[in-house]
Amino acid sequence: MSLSKEQIAKRIAQEVKDGYYVNLGIGIPTLVVNYVPDGIDVEFQSENGVLGMGPFPYEGEEDADIINAGKQTITTLPGASFFDSATSFGMIRGQHVDLTILGAMEVAENGDIANWKIPGKMVKGMGGAMDLVASAENIIVAMMHTNRAGESKLLKRCTLPLTGVNCITKVVSNLAVIEITDKGFKLLERAPGVSVEEIQKATEGTLIVEGEIPEMNV
Amino acid sequence: MSLSKEQIAKRIAQEVKDGYYVNLGIGIPTLVVNYVPDGIDVEFQSENGVLGMGPFPYEGEEDADIINAGKQTITTLPGASFFDSATSFGMIRGQHVDLTILGAMEVAENGDIANWKIPGKMVKGMGGAMDLVASAENIIVAMMHTNRAGESKLLKRCTLPLTGVNCITKVVSNLAVIEITDKGFKLLERAPGVSVEEIQKATEGTLIVEGEIPEMNV
Amino acid sequence: MINRTVASVKEALTGLEDGMTLMVGGFGLSGIPENSIAQLVKLGVTDLTCISNNAGVDDFGLGLLLQGKQIKKMISSYVGENDEFERQMLSGELDVELVPQGTLAERCRAAQAGIPAFYTPAGYGTEVAEGKEERDFNGKPHILEQAFKADFAFIKAWKGDTAGNLIFKGTARNFNPVMCGAATITVAEVEELVPAGELDPNQIHISGIFVKRIFQGEKYEKRIEQRTTRVRS
Amino acid sequence: MINRTVASVKEALTGLEDGMTLMVGGFGLSGIPENSIAQLVKLGVTDLTCISNNAGVDDFGLGLLLQGKQIKKMISSYVGENDEFERQMLSGELDVELVPQGTLAERCRAAQAGIPAFYTPAGYGTEVAEGKEERDFNGKPHILEQAFKADFAFIKAWKGDTAGNLIFKGTARNFNPVMCGAATITVAEVEELVPAGELDPNQIHISGIFVKRIFQGEKYEKRIEQRTTRVRS
Numbered sequence: 001m002s003l004s005k006e007q008i009a010k011r012i013a014q015e016v017k018d019g020y021y022v023n024l025g026i027g028i029p030t031l032v033v034n035y036v037p038d039g040i041d042v043e044f045q046s047e048n049g050v051l052g053m054g055p056f057p058y059e060g061e062e063d064a065d066i067i068n069a070g071k072q073t074i075t076t077l078p079g080a081s082f083f084d085s086a087t088s089f090g091m092i093r094g095q096h097v098d099l100t101i102l103g104a105m106e107v108a109e110n111g112d113i114a115n116w117k118i119p120g121k122m123v124k125g126m127g128g129a130m131d132l133v134a135s136a137e138n139i140i141v142a143m144m145h146t147n148r149a150g151e152s153k154l155l156k157r158c159t160l161p162l163t164g165v166n167c168i169t170k171v172v173s174n175l176a177v178i179e180i181t182d183k184g185f186k187l188l189e190r191a192p193g194v195s196v197e198e199i200q201k202a203t204e205g206t207l208i209v210e211g212e213i214p215e216m217n218v
Numbered sequence: 219m220s221l222s223k224e225q226i227a228k229r230i231a232q233e234v235k236d237g238y239y240v241n242l243g244i245g246i247p248t249l250v251v252n253y254v255p256d257g258i259d260v261e262f263q264s265e266n267g268v269l270g271m272g273p274f275p276y277e278g279e280e281d282a283d284i285i286n287a288g289k290q291t292i293t294t295l296p297g298a299s300f301f302d303s304a305t306s307f308g309m310i311r312g313q314h315v316d317l318t319i320l321g322a323m324e325v326a327e328n329g330d331i332a333n334w335k336i337p338g339k340m341v342k343g344m345g346g347a348m349d350l351v352a353s354a355e356n357i358i359v360a361m362m363h364t365n366r367a368g369e370s371k372l373l374k375r376c377t378l379p380l381t382g383v384n385c386i387t388k389v390v391s392n393l394a395v396i397e398i399t400d401k402g403f404k405l406l407e408r409a410p411g412v413s414v415e416e417i418q419k420a421t422e423g424t425l426i427v428e429g430e431i432p433e434m435n436v
Numbered sequence: 437m438i439n440r441t442v443a444s445v446k447e448a449l450t451g452l453e454d455g456m457t458l459m460v461g462g463f464g465l466s467g468i469p470e471n472s473i474a475q476l477v478k479l480g481v482t483d484l485t486c487i488s489n490n491a492g493v494d495d496f497g498l499g500l501l502l503q504g505k506q507i508k509k510m511i512s513s514y515v516g517e518n519d520e521f522e523r524q525m526l527s528g529e530l531d532v533e534l535v536p537q538g539t540l541a542e543r544c545r546a547a548q549a550g551i552p553a554f555y556t557p558a559g560y561g562t563e564v565a566e567g568k569e570e571r572d573f574n575g576k577p578h579i580l581e582q583a584f585k586a587d588f589a590f591i592k593a594w595k596g597d598t599a600g601n602l603i604f605k606g607t608a609r610n611f612n613p614v615m616c617g618a619a620t621i622t623v624a625e626v627e628e629l630v631p632a633g634e635l636d637p638n639q640i641h642i643s644g645i646f647v648k649r650i651f652q653g654e655k656y657e658k659r660i661e662q663r664t665t666r667v668r669s
Numbered sequence: 670m671i672n673r674t675v676a677s678v679k680e681a682l683t684g685l686e687d688g689m690t691l692m693v694g695g696f697g698l699s700g701i702p703e704n705s706i707a708q709l710v711k712l713g714v715t716d717l718t719c720i721s722n723n724a725g726v727d728d729f730g731l732g733l734l735l736q737g738k739q740i741k742k743m744i745s746s747y748v749g750e751n752d753e754f755e756r757q758m759l760s761g762e763l764d765v766e767l768v769p770q771g772t773l774a775e776r777c778r779a780a781q782a783g784i785p786a787f788y789t790p791a792g793y794g795t796e797v798a799e800g801k802e803e804r805d806f807n808g809k810p811h812i813l814e815q816a817f818k819a820d821f822a823f824i825k826a827w828k829g830d831t832a833g834n835l836i837f838k839g840t841a842r843n844f845n846p847v848m849c850g851a852a853t854i855t856v857a858e859v860e861e862l863v864p865a866g867e868l869d870p871n872q873i874h875i876s877g878i879f880v881k882r883i884f885q886g887e888k889y890e891k892r893i894e895q896r897t898t899r900v901r902s
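Protein chains in written order, with our numbering: chain A, 1 to 218; chain B, 219 to 436; chain C, 437 to 669; chain D, 670 to 902.
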């Protein structure tokens, strides 16, 4: 059975290790915060200038001066700090952030990603995504395996304008966990009840299947 | 009569205008602070990370954590701020400092300056001088007209390793006030009682003398 | 102490003309110079180029200038959440240059610090790299990016003093500090303006040397774009 | 909250080996990591390359490492005030690379911020420019400078918390913040270490993400290099 967005977030949370500074993109990645296991110390960075993000504020305690990159009102945890945008991207570009989790419209088997523009249709801008994908060493994409028209989003080559080249290390979709290797998409895990054939069918790029593929634990 | 160091500083203080942010080098330039006329609002920047430097502290109030670029204990005035070295040189390189006053071993008629190294003899380093002279638009050199051996320090070309090229706008020495123009050293003022001939003799570079040269008011 | 205060927002914008390039602080609607933007609307200046991370929403922030068609070109990293913007962009009325957010911040900071150009990996292999020099450092490709040039920078801070020193609050800091001193004239508006000497010199985020004019804003709406809360348990 | 504390200066220097490149904060003797330097002396590591604005004085600061001939190469902007340094340099025992102070700071900051290289006007036309690319921007010549690479950065701050956040005091700030996160391992020593949450998040100078290990220094001599005072009138 295809995973829900929450389950994708839950599976990605297993990739979060003790002591990680993590940048979460908008959408599914934001949900990861809810599934970080107990006993794991993690700090969330938001590129608009805060490290140590906490949960949403209680009603009535919202502060227009304390928001995340999704422009949502937030709180901070003990040990948090605020900083300017140049310093924030110094953290990102300087590889001080250990893990980046973001959404994508397309991912290619060589690690390219496209998630910022559909020519003539949608031009919202790249925000911090280009800095993130060009800098981070550990980037996980959270996305649906296919688009609304049922077409694969895991491609031989991206068709949309690129956000970054050769940068994605892992994809967690509603169907599978996939590692990006020199030879293509390597299938690591299946969503519970989803067959390798279904994943193969939904993947346009080269899918490498070696041995038994276990089911995800979500 | 040749000026004392204090008089050189006093003459240079006349170049300090209301609203200027000023960086003072070590030596004679440090003395300028004592002669800024009343009614002129000026802030002194020290490149080790303070703007709004005040006088030396009262005895017993020295703080090892509050010093100037000469490593002297100082105080700060209301409106002062502390910052890191990158920000400090951002102020300098970004031309936010209006006036730089520094010493020199040699100045050339094209505006070159040498003040950081005597090969095989003295190698203390350039400190912030190279950043200052490469960046500032308004640089006054405070120095003696000749060295201890009686040789001119205002040359056709510098003989010592350069600190910067084509950058000095004015020299105030113990003998004269000189502007650096495309054609060479232009004599603006004489020290009281010092003749144009004496200045000419002490100047190896091209000295431009046009009309009557007034005496300095010090 | 050098006094950087001006009496009003009107005086703060003296010299502002059609066709100028402006930097405008803020992220989304957080930390935007509300009073300066209102005055820009009032002045009716046109053909502006605005360097700002976002373009506001339809009826607030830079969206107000878009409504009046005062902006010729936007240089931003993210411009969603604004229908009028999208309409003007797709119709070709508005010129848009999209810049990666970190590059946007660093190009401001470079202008502030007198660094004319720097290399960054962001945007390599994408549209952003088109026409730019590419060079490998440490075996990794980078592109050359240049410092911005702007006539005015509009900054919003929390507290300021008469010497122009600024302290920002929370994530309303964002692009504001990096734009200070990055334009010919930096105008800072603050919620609270105090006499020089009242702020701790150790806790000043931006020194007055980077600020040409400072004034206390008349009022702040501080609109929240996405009000998210949790229930008290 | 990620805990960055280590129990002792000994633990803080784990992994430090002969031949490594170290960044050391401080300006003159102000804001130098006294406890880390003492431990370097104790460890007796040699063939070090030190990136530090100054080289201390004969019997304090990095001068202590020079005495023990632990330093192979100094990268600094100003190295006066140190006779042993001068002797070793002129005799050729010590390799010295002199770097303009602003370039030194910016090369640290570049390493921190993932900028591999940048252009600066400082040093153009001088020995410093030898072998470096020159390029004009805005009609003015500049040279290309590269980010430093270092194994350890030793930082001294005033206050710190267990998350690694730092606050500096006065001009003891200097190079310390720009070296944080500019080396593989950043070690910060502080006069006062407090639990995370005690420092105001708005007033933190350096976020803990730039600091790998933090400890409270056992004692600080804080020697004054030039004690200048005035008489109470």
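Hints in this document: simulated from the structure, not taken from any laboratory. It is possible that part of the hints are untrue.
What the hints assert, rightly or not - With a straight-line Cα cutoff of 16 Å, these simulated EDC-like cross-link-like pairs (lysine to aspartate or glutamate) come out:
hint, chain 1, residue 1, chain 2, residue 2
1, D, Lys891, B, Asp281
2, C, Lys655, C, Glu628
3, B, Lys339, D, Glu750
Unchecked claim - Not the full set, but computed from the structure, chain D residues with beta-carbon under 10 Å of chain C:
hint, residue
4, Gln736
5, Gly737
6, Lys738
7, Ser760
8, Asn807
9, Lys809
10, Trp827
11, Ile836
12, Gly839
All of these numbers come straight from a predicted model, not from anything done at the bench. All C-beta atoms in this analysis are idealised placements derived from N, C-alpha and C, irrespective of residue type, glycine included.
Right, here's what the structure says about each hint:
no. : hint                  : result
1   : Lys891(D) x Asp281(B) : 9 Å, holds
2   : Lys655(C) x Glu628(C) : 11 Å, holds
3   : Lys339(B) x Glu750(D) : 15 Å, holds
4   : Gln736                : 34 Å, violated
5   : Gly737                : 33 Å, violated
6   : Lys738                : 32 Å, violated
7   : Ser760                : 35 Å, violated
8   : Asn807                : 6 Å, holds
9   : Lys809                : 8 Å, holds
10  : Trp827                : 9 Å, holds
11  : Ile836                : 8 Å, holds
12  : Gly839                : 7 Å, holds
When held up to the earlier numbered hints, the structure conflicts with 4, 5, 6 and 7 and fits the remainder.
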